[in-house]
Structures are given as C-alpha cells and as structure tokens.
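Visitor: Each chain, written out:
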Amino acid sequence: MKVLMFTWEFPPLISGGLAMACYGMVKALLALGIKIDLVLPTRELVYFPLREVSDVDTLPTVFLDPVQQKEYTRHSFQTVQERMEYIGVTDSPETYYQLQDMRQLFEKVHTEFHSVEYENMDEQELWDTMTANLVGEEDLIQKVQEFTHRAQRFASELDYNLIHAHDWLTYPSGMLARKISGKPLVVHIHATEFDRAGGPGDDRIHKIEHSGMMYADRVMAVSQYTAQMIVSRYRIDTGKIRIVHNAFTVEGDEEDLSVKKRIFKDVMVLFLGRITIQKGPDYYLDVAERVLKTHPNTRFIMAGTGDMARKLLRRSAQLKLKNRFLFTGFLNRKQVEQILRAADIYVLPSVSEPFGISPLEAMAFGITSIISKQSGVSEVVNHAFKIDYWDVDLMADTINHLIENPELRHKMGVDGMKEVNLIQWSEAAEKVRKVYSEVLSAFLKSNT
Amino acid sequence: MLYVVFYFQVHQPVRLRHVGVLDVGKNSNLFDDKLNGEVLRKVAEKCYLPTNRLLLDLIKKHEGRFQVSFSITGTAIEQFKLYSPETLDSFKELVDTGCVEILGETYYHSLAALYDTNEFLDQVALHRQLMKDEFGVQPCTFRNTELIYQDRISDLVYEIEGFTTILTEGVDRILQWRSPLFAYKNYAKRINLLLKYYKLSDDIAFRFSNRDWPEYPLTVDKFVNWIDHLTLDETQGRNLFLNLFMDYETFGEHQWAETGIFDFMMHFPAEVLKREHLAFTTPSQTQSLANYQQESLSFPDPVSWADEQRDLSAWVGNDMQTNAIETYWELLHKIKAKGDPELLRIARLLSTSDHFYYMCTKYFQDGDVHKYFSPYDSPDQAYIYFINALADLEERLH
Numbered sequence: 001m002k003v004l005m006f007t008w009e010f011p012p013l014i015s016g017g018l019a020m021a022c023y024g025m026v027k028a029l030l031a032l033g034i035k036i037d038l039v040l041p042t043r044e045l046v047y048f049p050l051r052e053v054s055d056v057d058t059l060p061t062v063f064l065d066p067v068q069q070k071e072y073t074r075h076s077f078q079t080v081q082e083r084m085e086y087i088g089v090t091d092s093p094e095t096y097y098q099l100q101d102m103r104q105l106f107e108k109v110h111t112e113f114h115s116v117e118y119e120n121m122d123e124q125e126l127w128d129t130m131t132a133n134l135v136g137e138e139d140l141i142q143k144v145q146e147f148t149h150r151a152q153r154f155a156s157e158l159d160y161n162l163i164h165a166h167d168w169l170t171y172p173s174g175m176l177a178r179k180i181s182g183k184p185l186v187v188h189i190h191a192t193e194f195d196r197a198g199g200p201g202d203d204r205i206h207k208i209e210h211s212g213m214m215y216a217d218r219v220m221a222v223s224q225y226t227a228q229m230i231v232s233r234y235r236i237d238t239g240k241i242r243i244v245h246n247a248f249t250v251e252g253d254e255e256d257l258s259v260k261k262r263i264f265k266d267v268m269v270l271f272l273g274r275i276t277i278q279k280g281p282d283y284y285l286d287v288a289e290r291v292l293k294t295h296p297n298t299r300f301i302m303a304g305t306g307d308m309a310r311k312l313l314r315r316s317a318q319l320k321l322k323n324r325f326l327f328t329g330f331l332n333r334k335q336v337e338q339i340l341r342a343a344d345i346y347v348l349p350s351v352s353e354p355f356g357i358s359p360l361e362a363m364a365f366g367i368t369s370i371i372s373k374q375s376g377v378s379e380v381v382n383h384a385f386k387i388d389y390w391d392v393d394l395m396a397d398t399i400n401h402l403i404e405n406p407e408l409r410h411k412m413g414v415d416g417m418k419e420v421n422l423i424q425w426s427e428a429a430e431k432v433r434k435v436y437s438e439v440l441s442a443f444l445k446s447n448t
Numbered sequence: 449m450l451y452v453v454f455y456f457q458v459h460q461p462v463r464l465r466h467v468g469v470l471d472v473g474k475n476s477n478l479f480d481d482k483l484n485g486e487v488l489r490k491v492a493e494k495c496y497l498p499t500n501r502l503l504l505d506l507i508k509k510h511e512g513r514f515q516v517s518f519s520i521t522g523t524a525i526e527q528f529k530l531y532s533p534e535t536l537d538s539f540k541e542l543v544d545t546g547c548v549e550i551l552g553e554t555y556y557h558s559l560a561a562l563y564d565t566n567e568f569l570d571q572v573a574l575h576r577q578l579m580k581d582e583f584g585v586q587p588c589t590f591r592n593t594e595l596i597y598q599d600r601i602s603d604l605v606y607e608i609e610g611f612t613t614i615l616t617e618g619v620d621r622i623l624q625w626r627s628p629l630f631a632y633k634n635y636a637k638r639i640n641l642l643l644k645y646y647k648l649s650d651d652i653a654f655r656f657s658n659r660d661w662p663e664y665p666l667t668v669d670k671f672v673n674w675i676d677h678l679t680l681d682e683t684q685g686r687n688l689f690l691n692l693f694m695d696y697e698t699f700g701e702h703q704w705a706e707t708g709i710f711d712f713m714m715h716f717p718a719e720v721l722k723r724e725h726l727a728f729t730t731p732s733q734t735q736s737l738a739n740y741q742q743e744s745l746s747f748p749d750p751v752s753w754a755d756e757q758r759d760l761s762a763w764v765g766n767d768m769q770t771n772a773i774e775t776y777w778e779l780l781h782k783i784k785a786k787g788d789p790e791l792l793r794i795a796r797l798l799s800t801s802d803h804f805y806y807m808c809t810k811y812f813q814d815g816d817v818h819k820y821f822s823p824y825d826s827p828d829q830a831y832i833y834f835i836n837a838l839a840d841l842e843e844r845l846h
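Residue numbers (our numbering), protein chains in the order written: chain D, 1 to 448; chain W, 449 to 846.
Simulated from the structure, these hints should not be mistaken for lab results.
Among the hints, a few may not be true.
Distance ranges between label pairs, derived from CB positions [as the list claims (entries may be wrong)]:
1. N477(W) x H410(D): 33 to 43 angstroms
2. N475(W) x D393(D): 35 to 45 angstroms
3. R310(D) x R621(W): 29 to 39 angstroms
4. L319(D) x R621(W): 27 to 37 angstroms
5. E609(W) x P406(D): 52 to 62 angstroms
Nothing here was measured: the structure is a model prediction, and the numbers come from that model.
Backbone N, C-alpha and C fix where the C-beta goes; we use that ideal spot for every residue, glycine too.
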C-alpha cells in the first residue's frame, strides 16, 4: 500500500502540534509496512519517499526534475541539516512565486484530465467553492495557492493507491490529486478554524475545510470532540467520519523523566504552549490570581510565545501578581524539558483543543495535570483533572487542593505517568490502516 | 551678579543580563558584566576622560574663577574601579583643584526616598562614606536621584548632619510667577534650595545638535548673550544663580564630539568671565551669596527632571513599573532582615532607578529618550528580566 501524503508541517519543518502528530503517525505507519510519499511546503520541487521507519529522521529526498535530481545526487552533505537547507526546508515555509488565479489552474486541470463534464452538480459546486475561497493577498493564502499549484505534478507523476491530506492547508492539494488520479482521498482534521480562532474565524478557511471534507472519501478526526464539531458545524455525514486519537511517545528513559529538578522551593504551576486565544492563557492568569490569594508563595509560569503574550504580561502586572507570575519567552526543546522537570502542576485551559499532545508530555514527566474539558486529550486519559476552561473557580480550588495535599498530587502524577506510557502510536496507526483499507476496498468495488 | 552654577550628574547603572525563568535558583551572576564593561569603557573614552581633561585645563587657566560641581553615584565609582581606573583618577585630580564641589546622593541612584526611609538614609550614608574614601570630602549639598524632590524629602535630608543645600528641578507648576534664578528655602525654611533653569540647561543637554531647533547652531556668543539678558530684570542688586544641571554624559556621549560640544565648553567660561557682572560658583556657596531674604517654596507632590511632565511617570508610570517597584521594596525589606551582606549588595544594585526607566512605555518624544538609554529590546523585556531577577533573589533568601 502506498500513500501520497500532503502535510504543512513535519519535523524539522515547523515543530508545532501538527508536525509532532504527523511524525508519530507516519513513523508508526511505516512500521506497519505502508509506504508514504510525503509532500511538504519546501522551496525546491521535491518529495520524500519514506519506506523504512528510520526515514522519518533522515528524510530521503527526490527532485521531480531529473536534471535537478542528478545535481542533487552528486552533492555530498555532511549533515541532514545541510541537506534540508539545500532543498529549502526552513522553520516556516516561504513564498517563492505568486500565482495569478486559482480558478484558471483548476479549469486547466479539469480540461486536461477530465474532458468530460463534472460527475455531478455537487462536485462542481465543491470545486467552485474551494477555488473561490482560496484567494487573498495574505502570505499564508499565497503559500497555499503555490503549494496547491505544485500538487498537480506530484499527483500526476507519482504512483500511489490513495491520498492523505492533513488540515485545510493541504485540502486543495488533496482534492486536486483526487481529481487528477481518481484515487480515494482521506482528509485528517487536526484542528478546525473554529478551534484556532477561538471564535468564528476566517470564512474562506471554513469553506475550504468544508469542501475538503465533503470531497473526501473519509474524514479522520483526532477526537470525539472534533468529530462532533465536524458534524455540528460542517454538517459532514457521520458515516464518513473516523476517530483516530493521537498518541505520544516518551523519548528517553521513563524513570529519568520523573526525577524533579526544582527551580522554586514552593509549588510551581505551568502553562506550556502558544500564548494565543485558543489555548486560554487569559483563563490561566485568572486562575493564578485566585490561587495566589490563598497561597501567595505559589509560582505560576507561562511558557511559550504568542500574540497574546504582551497583553497578558501587562495584565499580570496590573493585577500586582508580583514575581509570582513569570514568563519564559521562547523555549527550545532542551529548555522545555527543564521547565517540565521543575513543574508540579500542569494546566491546559484551552478554549477548544481538538486533541492537545502537550498534557500527555507533562504527564509523562509525572506532573499532575488539569485539562480543559473542551479538548480531545481529555478523552484518552483518566488520571488528570478535567475541568471546563471557563470554570476558573473550580480550577483554582483544584490547584489549592493539590497545593495543600502534596501526597495526592504526587500519586496523581505517578498514576498519570503510568497511564500515558501505555498510549502508543502503533495503536493509532492500526486505526489509520483500517481506514485506508476501507476506502481502498470501496474504491476497488466501484471500479469493477 | 549672576552666578552660573554647573552641576553634572555622573552615573552608570549596573545593567541586568537577560535573566530567564530557568536561571532562577542557580545562584548565577544576574548582571551583564560584558555589556557593563563595554558601556563604561566607551563612555569613559568618549566623555569622562576628554571632558575631565578639558575641565581641568579650564580650571587651571581661569585660576579659581571657573568652578563646577559633580554628583557621582556609587555604582559609577564601582565600575570605574573595575573597568576604567584612570577615569576615577581624573575625577580625583579635578576635586584636588579645590574648584570642584562633590554632591551627596544615594549610593545606588535609587528611588528609596519614595519607598523606604531607612534604606534611603542607609544609601545616603554609604555614598557619603564613599565620597570621603575616594575624594576626602564631605558633601554638604544633596541632590536626590533624577532631582526627585518633595517637602518630606527635604525633612529627611535635613535630619542628616551636614547637608545645607538641595538641588531640584525648576518646575513651572511650583514656581508659577517666580524665577528659578533666585535661591529659595524649603517649605520649612531650613534648607537652601537651588532650582534647575531647565530651558538653558536643556539647550545644551538636549537641543545642542538638533538641526530642527530654530536656534541651531548654538554658539558661545549667543548663549552668553542670553545669560546676559537674564540679568536685566534684576534691578535691586540681588545675586542671581543660573543653575545649569545636566548629565555629564552630555559631553561627547549624548552630544558627540562632532557636534562641537567640546569647543562650546572650551570657550564658554572665558566668554562668561569677560563680563563683569557674570561669574561661576558652586551650590554650597550660594547660601552666603544670597544677599536677600530667601522665599520658601513648598513641593507637596514629588517632582523630577525627567520628561515633559517632570514627575515620577518615567519610573512609576505604568503597571509593569508599579508591580516591579512594589515587589522590589517588599523583597528588599525581607533581604535586609536576613542580614546576608552579599545578598543585600546584589539586591541594592537592583534599586537603581534605571531598571524602572527601561520599563517606561511613553512612546512620545520622551519614549525615544528612554529607548536610547535602554539596553533591552522593549519595556516588556526589561520587566521580564527584572521580575525574574527578583524571583531569583527571593529563592536565595530561603
């Protein structure tokens, strides 16, 4: 079985939640013997033929253009990093050229590959919606247009059994590939625009998300929470939706992680993630203010960066939280580990979290965790406190209780750690394979 | 007679490094030694050494008729010793001429007067001891950090034996119709008060090289003529004092050598002394030169020499500054109670007003001045490093 996979993030290209999820999933799928041709927003026109488990780290590369490929093979690279620079894998994708009109592209694709009319009116409508909404002067929209434009070459030149596209950024590519090849399409929902925006969000993105899901043969959601959102907000046929929870792989020795290296003598509470409206950092600040009234020696740490950081910093000063509410700024991987080793209580107050890997990582470090009920991760763990993100009083009471009862805190942390260590990507990959098999057998049936 | 009274502020803060949460509890050095050394050596080379040389020449040339005063902070002297001992020597040489008055202030250039009376008295005493040790003098004129002054500060200073004069800003809202050219008394009529003549002071300190200023370029001739005109209003024979107070770094650092600031200073004393009714003096001598009943002035609220507002808003004008400063003084109290001298020394280095100045968010013309002086990217960064440093000190307490 061979999959053409489109994703916007994959380490080392951006290492957000999507990157980590794709990495874990792809690695586990490779272990099941599934072959994957991975397409990323790289500068050069390349794809990554992944065959062995170890390929996820080395990222073997092929240029579509034979001349470039020849040049590339003659090049010797000292490090993976050096090779990634050559093919243009940067921390964030860049725009390399401007595209005039998406509609022209799709018309061209349509006439080139399907001289016949659209299969039906619905299909034409989905195409129209998608092309009409993938317009705008924003950098990101331009990048998605470009990525989509290139997708036609991968779609027509590579050989594969099905297509797998992650999040709206790659849905137009997935749709295009399905149109060109006629192969089945699976789209994966890691987050919807409703989650990211913490409100209505960008209508164009909703429409693209909707078109992609409608056009796909199967929709994979990272949680029950997300599946419900897809049904209620996008009106997607429940029969098409499959839930595949993300997993988390502990790196390093388990015993090692639970060894505390304290920074503060008093209890340390941690927020770790992007400081954006989706993650609920403002609720965290409100919780801190309440707890500090009862336990003024507690330290609240806000780790990460984001567009709300300045606002929260100033508000923490306004609330006179003294030196009890501290900001770390950007942390690299090693520093994240240091901060996790020092923390006693972890809080994920997300307003809307399709999954949320970060609490699993915190639990792997033996940290007692408080998780927003509005999250997918709360469906897969039991040894954590699950509280509505808006219930700051209950969150504050829970933290107070944990501060006052160190033994309970410790026990909860140890139980959580044991639980998280049982969550494996191999299980998730098994579910993905099942979805692949479903669409393939349906595809074969319809073609006989 | 009109006496020109020069007072130059010499100060360098000990700047914090980028203290992160992960640095807390590690007993690490909180200060950016490299940056502090670089800044001090640069300013010594551009300002302190050449200006001291120039003033020494002028003092010798005018045989006692040209006099100036300096206030030099403890944090500046400590850093002279570390990074530029020759600068300290050149100040000593100036003091030895007898034409230079050394003023008293808080050792750490702090806002202690506003927050902690005991600490204020301690820091003034520390500074006084330092002046005695380094220059062999006992200051009898006091200038508080950034010329911050109010009635109750004059009471505190009066309690310290030996201080007879205080310098502060000639704030319009206090002076109203009065002239800053007279020597005044504090509200209790116990201390001699000299007020900065901010227009002419700032002509040198801020506007000297500003090409958009209609009076640009400022020549010695023009400036001395303005001074001369000031005497016309006085018809009763009362002695006037033109108080030109400014940062010493004006010479060569804020106003680069290329602007002609050194030439200006080189020729200024001779031009003043050419005129029979103009002279120089130093703050402590003004009391005996004031040949009239000195009016008393009340400053119910604090004033300073900073920004357009001339209030405390440059240091405690926003929430970050307020939280930082309140947290600081609460913590200092605990640190003093513990009695660990090294911890107290580090904590006191954080009392320097500059740390709060860097957190200022007034983004008007004054904001530019703040930005120019800040070693950090933004007020928010300055706040983060400072608050983290306070968390670290607190952890060291346990």
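Visitor: If you check each hint against the structure, which ones fail?
Guide: Going through the list in order, the structure violates no hint and respects every one.
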